[in-house]
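S.K.: Between the sequences and the hints, there should be enough to build the whole structure, so can you do that?
For what it's worth, this note's numbering labels the leading residue of the sequence shown as 1, then goes sequentially.
Keep in mind that the hints were calculated from the coordinates and are not lab data. It is possible that some hints are incorrect.
[Stated by the list, open to error] DSBU-like cross-link-like pairs, simulated, lysine-lysine; straight-line CA separation at most 35 Å:
hint, residue 1, residue 2
1, K42, K12
2, K24, K42
3, K92, K24
4, K12, K24
5, K92, K12
6, K42, K92
[Said to hold, decoys possible] Using C-beta positions, here's what the derived DEER-type ranges look like:
hint, residue 1, residue 2, range
7, E162, G130, 21 to 27 Å
8, S99, K12, 19 to 25 Å
9, T153, V61, 17 to 23 Å
10, Y146, V61, 30 to 36 Å
11, R10, Y125, 23 to 29 Å
12, E162, E17, 25 to 31 Å
13, H158, G127, 20 to 26 Å
Computed from a prediction, not measured in an experiment: that's the story for all the values here. Even for Gly, the Cβ is constructed at its ideal location relative to N, Cα and C.
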Amino acid sequence: MHIYNYIIRREKPSDIEAVDQVTKAAFASAAYSSGTESLIIKALRANGQLTVSLVAEEEGVLIGHIAISPVIISSGTEGWFGLGPVSVIPSKQGSGVGSGLIRAGIDVLRELHAAGCVVLGEPSYYGRFGFRSDARLHYLHAPAEYFQVQSFTGIVPHGTVEYDDSFNVTS
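M.R.: The following block contains the structure:
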């Protein structure tokens, strides 16, 4: 068993290039990847929509990153965010770094008094962090079971969720 000693902290301007490299490496061999994850993070940052940007660092080297950005709900409900992309370098995947980043990201959203968070991903993975499918909130661009919700207020709004236009970037 490997023990990893890493810290999670907010992104600094000097981390931006390393975040880009970590994200590219993390998704390079992922079957579900669009190949645009690093571009999405750059676009979110450029558009002022990267609300939470945390890095995992081990011995001065970035090994992971999480991005969280606002989402739009058709009902007009505010204070909801989308989690992702989450990136961990291949040599550290499966070691708990991604889980640590997700937990830290959720903690930051709670500190910001967010109403809730959505994620598009594997239900068995994200379920352990409190995410669940909920018929009241829809995302039209993926199977319903992969779109999951976590309310921090106990209230799940009705409506359709749209991510920032940054998620549509292709180059």
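S.K.: Hints numbered earlier in the text: which of these fail when held up against the supplied structure?
M.R.: 9
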